[in-house]
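Number of protein chains: 2
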Amino acid sequence: MSKVSFDNRLMFTYESKSFPGVNKVAALVRQDLSLVTGFHAGEYIRGCKCRNLIIYGTVDRSDYLKELEENGLIDLTDVRGKWEVYSFQVIDQPMEGVDHALVIAGSDKRGTIYGLFHISELLGVSPLVNWNHVYPKKKKNAFLTDGVNTVTREPSVRYRGFFINDEWPAFGNWATEHFGGINAECYERIFELLLRLKGNYLWPAMWRSNFSMDGPGLESARLADEYGVVMSTSHHEPCMRSGEEYSLLRGESSIYGDAWDYVKNRDGIIRFWRDGLLRNRAFENVITLGMRGERDSRLLGPDASLEENIELIRDVLKTQNNLIRETIDEDVSKVPRQIVLFSEVEEFFYGNRETKGLMGDPELEDVTLILSDNNCGYTRTLPDRKMAQHPGGYGMYYHMDMHGGPYSFKWIGATYLPRVWEQMTQAYDFGVRQIWVVNVGDIGTQELGLSYFLDLAYDIEKWGGTDAAITQRYVDEWAERQFGGMLPLSGRNKIKKILWDYTGLLEKRRHEIMNSDTYHPLHFGEADRVLATSLEILKEAAALRKKVSEQDMSAFVSLLYYPACGTANLMKMWILAGRNKLYARQNRIEANDVAQEIDECVREDAALIEDYETVDNGFYKGFGKSEHVGFVNWNEEDNRYPVKHLVYGAHSPRMLVSRKDDEHYMTGLEWCDHPQTWRDMLRPDVDKVEFDLISGSDKPFKYRIHTDCSWLEFSRTEGEVKKRERITLSVNKALLDEKVTGVFLVENIGYGTATVTVEAAPMGGPEGLYLESDGYICIEAEHFSSKGDTAGAGFKVLTPYGRSGSAIKVFPTTSDFKGEKKRPFVEYRFLASEDGEYELTFELAPSTPVTFTPEQYIGFAINGGRIRIENTVRQPDIPFFLSPQWAIEARDNVKKVTTRVKCVRGENTLTFYGMSPGIVLERIILVREGVSLPESYLGPKESYKCP
Amino acid sequence: MSKVSFDNRLMFTYESKSFPGVNKVAALVRQDLSLVTGFHAGEYIRGCKCRNLIIYGTVDRSDYLKELEENGLIDLTDVRGKWEVYSFQVIDQPMEGVDHALVIAGSDKRGTIYGLFHISELLGVSPLVNWNHVYPKKKKNAFLTDGVNTVTREPSVRYRGFFINDEWPAFGNWATEHFGGINAECYERIFELLLRLKGNYLWPAMWRSNFSMDGPGLESARLADEYGVVMSTSHHEPCMRSGEEYSLLRGESSIYGDAWDYVKNRDGIIRFWRDGLLRNRAFENVITLGMRGERDSRLLGPDASLEENIELIRDVLKTQNNLIRETIDEDVSKVPRQIVLFSEVEEFFYGNRETKGLMGDPELEDVTLILSDNNCGYTRTLPDRKMAQHPGGYGMYYHMDMHGGPYSFKWIGATYLPRVWEQMTQAYDFGVRQIWVVNVGDIGTQELGLSYFLDLAYDIEKWGGTDAAITQRYVDEWAERQFGGMLPLSGRNKIKKILWDYTGLLEKRRHEIMNSDTYHPLHFGEADRVLATSLEILKEAAALRKKVSEQDMSAFVSLLYYPACGTANLMKMWILAGRNKLYARQNRIEANDVAQEIDECVREDAALIEDYETVDNGFYKGFGKSEHVGFVNWNEEDNRYPVKHLVYGAHSPRMLVSRKDDEHYMTGLEWCDHPQTWRDMLRPDVDKVEFDLISGSDKPFKYRIHTDCSWLEFSRTEGEVKKRERITLSVNKALLDEKVTGVFLVENIGYGTATVTVEAAPMGGPEGLYLESDGYICIEAEHFSSKGDTAGAGFKVLTPYGRSGSAIKVFPTTSDFKGEKKRPFVEYRFLASEDGEYELTFELAPSTPVTFTPEQYIGFAINGGRIRIENTVRQPDIPFFLSPQWAIEARDNVKKVTTRVKCVRGENTLTFYGMSPGIVLERIILVREGVSLPESYLGPKESYKCP
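Top to bottom, those sequences are chains X and W. If you're matching positions, the first sequence starts at 1 in our numbering and goes up one per residue. If you're matching positions, the second sequence starts at 1 in our numbering and goes up one per residue.
These aren't lab readings, by the way, just hints derived from the structure by calculation. Hints may be right or wrong, so weigh each one.
No distinction is drawn between identical chains; accordingly, a pair holds when it is met within one copy or between any pair of copies.
Think about it this way: if two alpha-carbon atoms lie no more than 20 Å apart in a straight line, the pair counts; the simulated SDA-like pairs of lysine to any residue are [as the list claims (entries may be wrong)]:
1. K699 with V602
2. K386 with G431
3. K702 with T717
4. K699 with R603
5. K621 with H651
6. K896 with G465
7. K547 with P940
8. K264 with E307
9. K82 with D501
10. K796 with N633
11. K264 with E308
12. K356 with V316
13. K896 with A793
Predicted model only: the values in this text are computed from it and were never measured.
Produce the complete structure using the sequences and hints provided.
Right under this line is the structure:
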């Protein structure tokens, strides 16, 4: 067994013929190692003695590698000529005087760099070591054996990177604070981060900054190339020129003219593009083609026809390709180029019945077509079979940060990994493998989502697949990597739970669009559950913080405490605001206390940002600056914090009796009270009802609960209520042998008496069926009673996933059963209480149709009847993207398809079929005709199924 | 000229054969005189010398009168045998040794009493002298000459009185505090008040008190009879027994049985009734017939048919009449009896198509049929021609206090006299002349309305008629009578204005149903106007108070300060609450200041009640106790004070630009702002627009207003705004010669710029036409351009009247033109801006159909087209009373009849015809198709009419 030890005798080779960026990365790795071992590795001088040596280099650019290969000590056959591959070998006595060596041989610049960073990875150094000051666990006797020897595969996706966007106020302030601007010094930090995360491709910041002018000058671009970072530009910035450049260079006397107008200022624009290509041609780039209006607007006015737009773009493409032939390579197919089908450009690409789109245009032949998500993490169109063979391949422009419709989210990273897993794995299945680029805004607090996105792109076999639980493994490993050095396992396990909890809250509703009306304060206990999760995050994170050393605080705050507590505190604030509003509407005196709690949350919101921005001597200063509360427009304009509601109590003691999950209440007053009937305990699984005695006055009331029913028990039957008291009503169901009805009275002594009728039934019911109660049946999609697969496909359960934590989906994801006769299916069995119509709602993931045609079908049948096929697209006459349906679904993170079915009293079977690709079913809800479900965001809890 | 002086030599006769009540009243008058003159009149002993003598007595019950008549000194021909008539004569030397005398000769007990009180009246003593401690103006040389000699007419209405009702908490607490209960001592105060106000009839308090049991015993009834007060009972208390009596006397061993059930406990009930009649037969009564359930509920269950109900009532009436024959008079027609057609009893009386009602039943032959109002001061059915000849005549049960639907009002008297004038004069015209009884709740603060009601009933020729301005004369006189002694004329004139202002506010909306949503905080300036009136009342009343002496404070507070300021403060509170709510919704930082102002109002509400209840050593203690804020049910249950809304400002300076009358605002922010166009100045009468610069943050913003338009002027163009600044934009229209359009910008310096387009046009327009602007035309009904009367009838303008201050109505009020060919009409001329459909709304007084048939028609025509007749009753298939329409109209005090008409571009004429009786038209609004008027309670201001 060969072995290399990371002791005080470790050395690194150095070759001046190496790529300079590779040598820079080797220096970074040496720093990493010193954090682990405490020793600073020396530099090896050929011929000297050396106990442990790290030999690194790029194939055909390293004398060491040449020598080792010639000596048969390493085999570079599987490396040479590959894309970003490296060989990683621990061997003994590679050279005279050297005892043990680790030999890293990259197929190219980045292959070598990834190979070098692989050492850090194996020694437990986080890729975020310098980005978040994540200190690795110290090791006394660090070593690697030949057990780690490997030759890597090419990455799954060719170009993998991110987009620094929406950079004000957060990224811009951060860069200015630390580097004096968005310059090369700043980008060096970004390049390191990108490479450590196994990315290779970058769209630089472009609002009020110019990558190739601000380095100063070309310095940022030069440095990128040195590091092997492939630069590109965002969707509306052609020919390697930043979007703002033109506005700086234009003018009446400018050689580029004074109009961003390809028709009227054709010569000036062409010259502008040519000069951009000439300027940056020395570097590795992927060149954006096409043209949009200034500042990401439409190119032609709203009156221009589709054909006019398309013709203009065709002309632009032709011109741009010619410019590339002229300036870079006559064989334009060798020059990486892309066009991004974002916003209305998607329509230009597909065209419509009358007008042929750009698809198939020879100018696009070898150009990568970058598709987009719906701005919120669900991919829009994917390549259909006809498109699949496009030689330029496909890319995906994905959003973890958004400044645009349907709503902006720029504050704390809000990415829930299962969504990325599900959507990006599917995109890969559909052939999107050339470029993956994710908009991460200011990067700060996006680390978890970004890490996963790039790891998935690098190795989809490892992190993709058909089991959503892979994301749990990912989070486990990620948390170990970041927090392994700072907390014991019990603490790290708490961190993993917090990571899931806070991103889970955001999967239900993101920060900016949370408000007091999102969750109903009482119905189905949804607000209480969100609040409980939030409070637990705040409590656990605070407890963990006490155990973290000062050195580790930077990583702890930036990667956990701030994003988790910032999120939890915001959710808490809005839940309390909703509660306050409802309480005030009901004149509960407690509303005034809740208003004070809102104050505390508002203060805490500011305090958490201040904490994040001051920890580690202001290492993250600037990253907390995005507005994030109470958006009423798509962006932060006119946003507002909660309104506090304060009430005056009634003049005399006033009682409100209210179930804890119902906004209706009784007062017990003589004339206008509405006695209630509680039927919960007809459910076999319910033997308790909690209700509140609430004061509507500053004057407390005295109460007494009376009943003649021996089977009713109360946690308390008399007392005085100042604000609110919760009472538990329970029934010992073992004593019941039939349905019973009873009455109890709640007396507000001296003022009135409220009357409640209670119905209860014994345990039990027909085996394996979901039971209707209160007029509805709700079933989690994962709880089918049986399933049937076809030869090649079938439903699988996704856990974790979506708003409710699980879902089902057909795999392979590309399967389309619309035109098939045999389809995979799942079956659900339930007991309806009446013959008649039921409103049937399928809650689906808010995916968009996988083709540009606005069609996405589901199929179902009731009680073995004919299959019914419904298009989930509600307005097929308009493009789905930017439709009202898109906006609602993207905000609420659910697609609801509602129809009506006839059920029979007794057992019913609902069959759900595989149909269009991309359908993810989360829940099924049936509501009896005439019943109105209480208003809520997440809907009812799952119905009871008799065991 | 004969003359009697009220000097220190004044004496009163005394005859023991006089009615004791008459002598008691004479004693009261002697007290009154001493307040005026400072002298206590002595008692005259026959044969003594006397300079000035008051001789009083009842015809055929006084030796003095007999002697004077025999001596030819007085003539009693026109008095003898009359109902409540008196002769009032100043003569010289009536008897030996007597120089001057005032001789009062009443036709009966009450005639004499009214005659006696007439002295006080002539000397300026208020009828409220003892009820409100109204001190008269002192007079040095008080005298009366024969210029006042008169013989009165019989009163217009035979029985005139009130109902003490809904007596807890106010009246009950007051009575307990001052008299230890609702007993004879208490009633003596009430009887005096009633007689001084020229009433003669009373329904006593009946919730938890029993008039004929609590005196103690019969004492209250005996005392009533002594004073000449005719006792009756309310609508559901037959046979002179109080509603609660049965519950006190019932029981298993009771002679009356133990069920208020005429079928199952017939003997017990009959015995109960018989004993009541026997007990009270010695006194002057009007006996209530019929039967309802206990505590004013339905007699039979909800399942009983109309026929079953009617048959039962027929049986009850027969039994009751027989009991009266047995106990009081074999000739039952001589016994005053009544039945009240209240609640569902109205339906029993009219029956329906299948079932003949009680109308015409021989048992009701001589029984007065008491009709009712709609609970809010608008009469329900009136006698139609067929019914007019009913020998028992008709009565009216009217409400100035209500505990019931559609809403309760029990706090401060909320009666606007023109409503009473219009409705009760009309009722009189329709033959309702036998009994007028008004529910005045606890009486406290009802004095103005009650005075007018009884004065109108006493002398409808004086206070009725066809000119609403009579109510202004009434208020003038009333105010002089109450405040003449305490303030100079300028102060009294202010008081008159305050009386109109506060009752005018209540005519728009009563206290209990006021809330933050009633008036729109901005639209059409309606809330500002209500607030301005309220603030002026508060300011003027406080200023007046400083001038009032301690002695006069009792009357000042009870009759003016408390009802006016209590009302104004409550209106102010709700206007501020609405403002606060809107401001908070808009995130104006000023919302927080407004919340504090609400606090002040809530405290002031309590302080005003405390003031009223402590003034004059607690003379009114108890009367302020009714709940009066924020009713959400028909009664006070679950009522609530305003919710205060508090906001957190935005993090950075934020500007809102808002017209003062529009809830839409601009922020000037980059992406989501909506630039506005202001067209107000297209109106010939508008050359100014006021708008607000508002801060949405604790951080002030700096602004600058820019424009290139020389014709736009601003009251200020730059500054800093902490909360709000009002800017006036004006145009010198004299300089315009055509329509112009301009733009101005409001810059929030450093943050954004809002853009406003202004359109303006020169003065002028076609003469005499109302002009459309912003898509509507609004015309006050009084502003017709021409009118046409028929031979006997025509429209007259009512001023003051209703929500907007004026209206029109056809007189005589009994005219019905539904079946006529010639109808009176009025015409309105207006200029429409487009050809097309307009929504036409007639705002009418919320009167109910005058017959039981749910039909009440209006007629109109547009541009000389065919007359269109519309039934104002929206659901003619259900009885109007208790219909949803009734409830809405009674709350909002307006009936809106909406239809559509086709207008032509240019001049149009709308003709409104006399049709059903009882129609009162207040306003007309035309809205162009596609235009939505801004939401408001009172609607737009009247459109401009070119002079």
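Of all the hints given earlier, name the ones this structure violates by number, lowest first. Checked against the structure, the hints that fail are numbers 6, 7, 9, 10, 13, while the rest are satisfied.
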